[in-house]
Amino acid sequence: MAFADQKSLKERSAGMAGAIILPAALGAIFISGLAVKDIILPPEQKPFEGVTVKLPPPPPPEEIIEPKPKPDTASTQVVAPERPIEIPTSDWTVKPIEQLPPIGGEVIPFALPPIDTGPGFGSIKPAVATPRNDPGRWVTESDYRTVWINREWTGTARFSLKINASGRVTGCEITRSTGHNALDNATCELIAKRARFNAATDANGQAVASTYSNAISWELPD
1 MAFADQKSLK ERSAGMAGAI ILPAALGAIF ISGLAVKDII LPPEQKPFEG VTVKLPPPPP
61 PEEIIEPKPK PDTASTQVVA PERPIEIPTS DWTVKPIEQL PPIGGEVIPF ALPPIDTGPG
121 FGSIKPAVAT PRNDPGRWVT ESDYRTVWIN REWTGTARFS LKINASGRVT GCEITRSTGH
181 NALDNATCEL IAKRARFNAA TDANGQAVAS TYSNAISWEL PD
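FYI, in full-length UniProt numbering the residues of the sequence shown are 1 to 222.
It is possible that some hints are incorrect.
Here are the in silico distance ranges between beta carbons for each label pair [said to hold, decoys possible]:
hint : residue 1 : residue 2 : range
1    : T140      : N181      : 14 to 24 angstroms
2    : V147      : K125      : 41 to 51 angstroms
3    : A182      : G205      : 35 to 45 angstroms
4    : S142      : N181      : 14 to 24 angstroms
5    : T154      : A209      : 29 to 39 angstroms
6    : A209      : R158      : 14 to 24 angstroms
7    : L220      : A165      : 15 to 25 angstroms
Straight-line Cα separation of at most 35 angstroms, DSBU-like style, residue types lysine-lysine; simulated pairs [unchecked claim]:
hint : residue 1 : residue 2
8    : K68       : K125
9    : K162      : K193
10   : K193      : K125
No lab work stands behind these hints: they were computed from the structure.
Every residue gets a Cβ at the ideal spot worked out from N, C-alpha and C, and that includes glycine.
Could you put the whole structure together from the sequences, leaning on the hints where they help?
Pasting the structure below:
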């Protein structure tokens, strides 16, 4: 029993010592906190300075234009009262026109004499174009080329010419071929170069353009 009492006495002593140490430690912490000399304060805030913003001037008030009253265009017409038209009366009357007798008695028919149109006017007959030089000399034996003779090319070429008012050939057309293009082409080429004509004339005797037709025979020389 004595051992048990000793043990409980030690435990109580240890508990009391712990209870005393804890307040002492808290007191030391409190005292050390009071010993701080410098106190840090928050920075001083400056008062807010306002910013002045300039606003644009308000727009001028819109001018309200009142429409002008239109004048009354309707005009008042003053209508005069109708007055009856008085037709004057007269005593004269319209008589029929009497037929007059013919002046000078019997009417004699009058005829104008024929107008003299000058010598030969209206009596000229139109004339056709005629050769001025010999048609037999338009194409000669000397125009026959050796190659055509060797090939024995022959034939008759019928042609039609266009003649101007000066009597010159302005066009040539083969109306019937010799059967050889070389002979046909030579016919037109030689006649257009050598032929000369008296121009055709009309009923007034004026030279006019016309045509002329004929034929050329290509024959081998002896």
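A quick look at each hint next to the structure:
1. T140 <-> N181: 14 to 24 angstroms: holds (20 angstroms)
2. V147 <-> K125: 41 to 51 angstroms: Once the Cβ atoms are compared, 48 angstroms apart, the range 41 to 51 angstroms for K125 and V147 holds.
3. A182 <-> G205: 35 to 45 angstroms: Roughly 42 angstroms apart at Cβ, these two residues keep to the hinted range, so it holds.
4. S142 <-> N181: 14 to 24 angstroms: Between S142 and N181, where Cβ atoms are some 21 angstroms apart, the hint holds.
5. T154 <-> A209: 29 to 39 angstroms: For A209 against T154, whose Cβ atoms are near 34 angstroms apart, the range 29 to 39 angstroms holds.
6. A209 <-> R158: 14 to 24 angstroms: holds (21 angstroms)
7. L220 <-> A165: 15 to 25 angstroms: violated (39 angstroms)
8. K68 <-> K125: violated (92 angstroms)
9. K162 <-> K193: Given that 35 angstroms is the threshold and the Cα spacing comes to 13 angstroms, the pair holds.
10. K193 <-> K125: Distance of about 30 angstroms is within 35 angstroms: holds.
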